[in-house]
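2 protein chains.
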Amino acid sequence: MTDKDALVLFMPSGKRGRFPVGMPVLEAARQLGVYVESVCGGRATCGRCQVSVQEGNFAKHKIVSANDHLSPIGPKEQRYAEVRDLPDGRRLSCSAQILGDLVIDVPQDTVINAQVVRKDSDGRVIERNAAVHMCYVEVEEPDMHKPLGDLDRLKTAITNDWKYENLDVDFHLISQVQSILRKGEWKVTAAIYKDEENGDRPRIIALYPGLKNEAYGIACDIGSTTIAMHLSSLLSGRTVASAGTSNPQIRFGEDLMSRVSYVMMNPDGREGMTNAVREALNGLIDKVCADGGISRQDILDAVFVGNPIMHHLFLGIDPTELGGAPFALAVSGAVHLKSSEVGLPMNAGTRVYMLPCIAGHVGADAAAATLTEGPHRQDEMMLLVDIGTNAEIVLGNRRRVVAASSPTGPAFEGAEISSGQRAAPGAIERVRIDPVTLEPRYRVIGIEPWSDEPGFAEAAADIRVTGICGSGIIEVVAEMFLAGIISEDGVVDGTLAARSPRTLQTGRTFSYLLQDGEPRITVTQNDVRAIQLAKAALYAGVKLLMDKQGIDHVDRIGLAGAFGTFIDPMYAMVLGLIPDCPLDKVKAVGNAAGTGARMALLNRGYRREIEETVSKIEKIETALESKFQEHFVFAMALPNKVDTFPELAKVVTLPERKATSDDGGEGGGRRRRRNRE
Amino acid sequence: MTDKDALVLFMPSGKRGRFPVGMPVLEAARQLGVYVESVCGGRATCGRCQVSVQEGNFAKHKIVSANDHLSPIGPKEQRYAEVRDLPDGRRLSCSAQILGDLVIDVPQDTVINAQVVRKDSDGRVIERNAAVHMCYVEVEEPDMHKPLGDLDRLKTAITNDWKYENLDVDFHLISQVQSILRKGEWKVTAAIYKDEENGDRPRIIALYPGLKNEAYGIACDIGSTTIAMHLSSLLSGRTVASAGTSNPQIRFGEDLMSRVSYVMMNPDGREGMTNAVREALNGLIDKVCADGGISRQDILDAVFVGNPIMHHLFLGIDPTELGGAPFALAVSGAVHLKSSEVGLPMNAGTRVYMLPCIAGHVGADAAAATLTEGPHRQDEMMLLVDIGTNAEIVLGNRRRVVAASSPTGPAFEGAEISSGQRAAPGAIERVRIDPVTLEPRYRVIGIEPWSDEPGFAEAAADIRVTGICGSGIIEVVAEMFLAGIISEDGVVDGTLAARSPRTLQTGRTFSYLLQDGEPRITVTQNDVRAIQLAKAALYAGVKLLMDKQGIDHVDRIGLAGAFGTFIDPMYAMVLGLIPDCPLDKVKAVGNAAGTGARMALLNRGYRREIEETVSKIEKIETALESKFQEHFVFAMALPNKVDTFPELAKVVTLPERKATSDDGGEGGGRRRRRNRE
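Chains as they are written, first to last, in the numbering used here: chain A, 254 to 930; chain B, 254 to 930.
Rather than coming from a laboratory, the hints here were simulated on the basis of the structure. Only a predicted model underlies this, so the values are computations on that prediction, with no experimental measurement involved. The reader is advised that the hints may include incorrect statements.
Identical copies go unnamed one by one, so any copy, or any two together, can satisfy a pair.
Said to hold, decoys possible - In silico DSS-like cross-links for lysine-lysine, where the CA-CA straight-line distance does not exceed 25 Å: (1) K268 <-> K880; (2) K869 <-> K416; (3) K591 <-> K447; (4) K399 <-> K869; (5) K838 <-> K313; (6) K399 <-> K880; (7) K872 <-> K399; (8) K801 <-> K903; (9) K399 <-> K801; (10) K416 <-> K315; (11) K540 <-> K329; (12) K838 <-> K801; (13) K801 <-> K869; (14) K894 <-> K591; (15) K329 <-> K801; (16) K872 <-> K540.
Construct the complete structure from the given sequences, taking the supplied hints into account.
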């Protein structure tokens with residue numbers, strides 16, 4: 254490196270270095286570890302290595318950058334621009350040479366196939382370092398003097414041009430190498446699969462005549478209720494299509510444990526459920542391929558996540574062991590396989606990667622969500638909760654991460670609730686109760702106005718109001734508490750029956766009438782109890798993890814999954830479902846599991862990151878912790894018998910804490926103000 | 254190491270070292286790299302690690318060795334001896350501790366399963382270092398506090414006990430690990446596959462509940478005419494069963510080139526031939542399993558060799574390219590695959606290894622023969638010839654090895670010969686001609702006496718004498734030459750018709766009458782020409798290689814294959830089929846290819862050895878060498894126009910060299926004496 258070397262800064266990575274004048278930009282990027290895609294290996298034919306120059310005086314970096322600090326467009330680049338249409342300002346970094354100081358912009362969305370529609374699942378830009386790498390090579394023709402086989406000369410070419418040593422090849426290609434090489438007139442593109450740096454030898458898994466300028470992967474979250482799949486370009490990183498479907502295993506059992514029971518009671522149960530989920534996946538693959546306008550053959554890599562039972566059933570493993578202590582996983586580590594081994598025919602060389610499971614009830618989906626939200630990458634103590642029949646709970650930061658699951662049961666999904674139902678048109682999803690009149694108003698899925706707004710009745714005539722969904726039940730119980738209809742112990746106050754016709758006596762307990770019509774929708778004492786049990790289980794699990802971490806509050810909360818997307822964090826906190834936290838630090842993280850799968854698809858570095866993280870996560874088995882029961886009992890109260898919610902109190906006035914029988918105190922006033930609508 | 258350490262010498266390896274008193278013998282062997290099998294990992298249950306003590310004063314080694322220099326038999330060893338019957342004098346090296354200086358004998362034939370019959374293919378003892386290693390482990394039971402999966406705990410146990418790091422597992426085992434671990438009550442035996450030291454990660458390819466004390470492999474030479482298979486124990490190294498069959502591809506074409514033509518002319522030709530050979534292999538597998546009393550499931554590794562066309566057809570590769578210049582192999586390097594990928598269902602984890610091919614017409618069979626005979630391991634210059642439709646020729650020593658093939662055509666196999674036939678009952682295989690009377694006597698396959706001995710006529714009435722096989726045609730032409738019936742130019746001397754009724758005129762040329770009966774068996778001028786052309790091609794190829802090596806004689810000659818087993822080296826030399834060499838240095842090496850396959854099966858070190866050797870072998874394409882034609886013309890003469898045979902002349906008096914028309918000389922006398930019957 255001399256003073257004559259040019260200073261080059263790559264954006265957005267911010268990596269910089271000095272390089273000799275005349276060096277192609279691509280080579281400089283490689284030396285710095287800046288990811289710039291290239292399929293053709295610097296022959297100016299694939300167009301994947303496009304960059305642009307940011308012109309100007311970047312005083313902070315001491316760089317004056319100008320377009321003419323790159324070599325002029327040469328004949329090869331010119332030909333590419335004419336044939337394939339190079340956008341204004343874009344240069345091929347394999348051809349453009351460094352002549353002076355530069356700020357180089359590496360676009361994250363180099364569109365080569367114009368028909369590709371941008372449809373990113375969450376707009377997140379994932380740095381690419383896929384496990385599958387497309388490598389164009391020109392292979393020596395056969396020569397009687399050097400009788401190396403076709404495959405052997407192909408390997409030599411790849412080793413020379415792309416530095417993959419000691420290559421192996423998928424067996425299905427052995428009988429095809431001959432004809433592909435000849436069809437491509439000794440110019441071919443090999444798909445090289447190399448996941449772990451210190452793992453198996455790099456392998457040729459697909460081979461195409463000529464330049465093959467695209468390869469795709471799928472990332473998929475197999476949820477017990479829904480399955481979501483994204484199709485992404487392994488070269489540009491962009492999501493080309495997304496699709497979802499309900500998990501057809503539902504016909505064998507609504508929740509996880511009923512599916513395990515089905516396996517235990519039916520000789521073909523495991524096989525039936527494995528086939529069902531694989532069939533659904535094949536349907537989704539067809540759909541994303543049709544949407545993306547590509548062939549299944551072009552999918553070369555796939556990442557799947559799911560909870561442990563979905564994970565096992567997808568792989569064809571009997572999940573019975575997960576149905577009882579010690580909840581033994583058949584396999585917890587990451588799994589590598591070929592898509593053909595799990596009945597998903599794509600390319601014969603297509604690989605599948607499954608993220609590791611954290612524990613018997615904390616699956617690869619929780620691992621993927623952890624990868625996405627990255628508690629292990631941050632200083633703040635983050636709580637990550639995925640609420641389902643079992644809540645998967647991860648709590649930690651850069652220093653330490655702990656995880657557990659808690660048996661919340663299906664109440665949050667509307668099951669075990671008298672008027673509960675799935676989140677579908679006709680379900681009450683939002684509820685407010687006037688603390689004076691005790692009259693409710695609510696909002697129904699599929700109906701725009703609230704129940705007390707004009708137009709509601711007309712709409713409700715079309716879409717019948719049929720029940721309460723998960724987020725609705727959270728809100729109505731929380732509002733009943735805030736309105737004084739239920740006590741902090743969760744008892745529906747029968748004395749209110751005198752004040753409002755909404756409080757009904759049913760046997761020895763009381764209910765709250767939400768809709769007096771067909772059907773009649775009430776919240777019964779049993780409903781309240783079911784929610785209390787569920788939220789107490791979740792909260793007790795969280796508290797155990799907080800104990801392990803030695804903390805009394807968390808810095809931020811991520812609520813994963815569909816349920817997390819729809820519940821109002823404030824009401825969740827009023828119920829004491831989650832611990833106190835500034836409300837602006839509580840966010841729904843959507844399908845964090847699906848995003849984590851996509852990260853692992855596009856960058857094998859994330860695979861290593863989550864494997865290492867999972868191996869370090871401390872797993873807490875709630876059933877074995879003596880304090881769980883104590884936390885659970887305290888958490889039966891609303892919001893909690895002992896824990897305070899100072900952050901929540903800043904936005905909503907909680908009913909004054911009633912004296913417990915122990916402290917002999919007297920119940921305080923029931924009136925409360927809400928600071929927040 | 255202190256003076257108190259004991260000196261231990263292992264035989265037959267001769268490796269020695271000092272070890273602390275108290276160390277188990279097995280551990281000492283491991284530290285020295287002495288191969289002692291062990292499946293149970295030192296638990297005194299598998300019995301594989303048996304050794305014995307050689308007692309006495311070994312002055313040369315300064316060792317006084319005695320049985321009581323081993324610790325007394327302890328309870329575990331005692332239990333093994335009672336339950337499994339430990340032979341007298343044998344000790345389990347995992348339990349026996351070193352107490353003093355010792356000479357330890359490692360038996361090469363530790364028989365554990367008594368029903369196994371010794372039936373070694375060639376008695377050769379092959380040091381074992383198989384690619385498949387049986388590892389017994391005791392796995393931790395599942396624990397809610399440490400929720401590692403079953404497979405993950407299994408891997409941990411193997412890593413701890415057997416030092417295999419970063420283990421992978423075959424996908425088919427993932428769904429079985431659970432039940433196998435429970436069936437074995439957390440004690441299992443894993444078959445670990447690790448071929449190349451720097452190759453892929455070690456893999457679990459099979460898993461058995463409890464102690465699995467045996468594993469088998471097959472070694473197979475796929476010849477164009479016959480297929481030979483050996484079943485060997487991967488643990489003891491012994492050959493348990495052998496079987497052979499004719500190659501059913503014969504129905505598509507007798508010789509290699511007619512099979513290639515069949516592929517070129519029939520759309521399903523390649524598939525038909527691939528299926529045919531795989532079917533035959535499956536039949537052989539059934540046969541060796543039945544003979545060995547084992548299940549196909551117990552075969553975990555397999556090695557196949559064959560000439561390039563057999564190699565390609567077995568793998569499902571179109572061999573058409575091998576039918577014409579530049580004779581391009583689809584793959585020349587060694588190939589790893591699973592047996593299920595080539596339609597040979599055994600264990601789901603069974604691996605297949607194919608040796609590398611040397612060149613377009615010098616196959617994996619020649620590589621295997623090279624491995625067996627080891628020209629690259631010796632100082633002497635060795636010629637290794639496998640005679641078939643194409644002769645595969647390897648010539649070299651420790652410093653340099655060269656190889657070529659020569660298009661001998663099918664004459665040596667009895668084709669293109671008027672009375673030629675396969676080596677089968679009724680075929681003349683040995684011939685002597687009285688130089689005075691010109692009367693022949695001969696020996697026929699299936700008939701014990703010679704034709705001039707008592708009992709021949711009776712036997713010949715049962716087994717009709719129907720033709721001449723390859724070795725017979727070599728002998729009769731050589732004897733005709735020695736008797737003066739044909740000249741050194743190969744012309745049948747018509748002037749002898751006056752002297753003997755055995756010389757017949759047929760048109761413009763003459764024949765020699767071998768059997769005047771039904772059928773009439775003659776050697777025609779065309780027959781002699783066919784043999785001349787074939788042997789000239791072979792010899793010219795050999796000479797080219799000798800030119801490359803810069804030598805005028807070879808030190809030893811190995812004749813591989815069935816043909817090499819049956820021809821008499823002296824007659825081959827009289828014909829000038831092979832170069833001059835002391836006759837005791839010419840030997841039939843039998844199925845050297847099959848033996849090489851068995852070596853590669855039992856010791857992965859031999860795989861690396863032959864891969865490296867093949868990569869270094871210089872390949873000579875005879876068609877491209879200008880001197881080939883010249884060598885060929887000289888080699889048309891008997892034994893050769895220009896080359897002398899001084900070693901041959903020591904045992905047989907060759908006819909005096911006739912002056913050629915060039916030198917204007919006159920034909921010398923034709924009488925000659927034979928020094929050898």
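Now for the hints, and whether the structure bears them out:
1. In the homo-oligomer, the alpha carbons of K268 and K880 never lie at most 25 Å apart, since the shortest distance is 50 Å inside one protomer and 62 Å across protomers.
2. Proximity of K869 and K416 under a CA criterion of 25 Å is satisfied inter-copy only: 22 Å between copies versus 33 Å inside one chain copy.
3. Taking identical chains as interchangeable, the C-alpha atoms of K591 and K447 lie at most 25 Å apart whether they share a chain (13 Å) or sit on different chains (20 Å).
4. Taking identical chains as interchangeable, the C-alpha atoms of K399 and K869 lie at most 25 Å apart only when they sit on different chains, with a minimum of 11 Å there against 52 Å within one chain.
5. Taking identical chains as interchangeable, the C-alpha atoms of K838 and K313 are never at most 25 Å apart, the minima being 34 Å within one chain and 83 Å between chains.
6. Within a single copy, K399 and K880 get their C-alpha atoms only as close as 74 Å, which misses the 25 Å cut-off; across copies the closest is 19 Å, which meets it.
7. Taking the shortest alpha-carbon separations for K872 and K399, only the inter-copy value of 7 Å comes in at or below 25 Å, while the best intra-copy value is 58 Å.
8. Taking the closest pair of Cα atoms, K801 and K903 never come within 25 Å of each other, the shortest separation being 28 Å inside a single copy and 94 Å across copies.
9. Proximity of K399 and K801 under a CA criterion of 25 Å is satisfied inter-copy only: 16 Å between copies versus 66 Å inside one chain copy.
10. For the identical chains of this complex, K416 and K315 are neighbours neither inside a copy (34 Å) nor across copies (54 Å), given an alpha-carbon limit of 25 Å.
11. Taking the shortest alpha-carbon separations for K540 and K329, neither the intra-copy value of 39 Å nor the inter-copy value of 63 Å comes in at or below 25 Å.
12. When the C-alpha separation of K838 and K801 is checked against a cutoff of 25 Å, the pair qualifies only within one copy, where the shortest distance is 22 Å, while the shortest distance between copies is 80 Å.
13. With identical chains, the CA atoms of K801 and K869 are at most 25 Å apart within one copy only, with a shortest distance of 14 Å there and 62 Å across copies.
14. When the C-alpha separation of K894 and K591 is checked against a cutoff of 25 Å, the pair qualifies neither within a copy, at 52 Å, nor between copies, at 63 Å.
15. In this assembly of identical chains, the alpha carbons of K329 and K801 never lie at most 25 Å apart, being 62 Å within a copy and 45 Å across copies at closest.
16. Taking the shortest Cα distances, K872 and K540 never come within 25 Å of each other, neither inside one copy (38 Å) nor across copies (53 Å).
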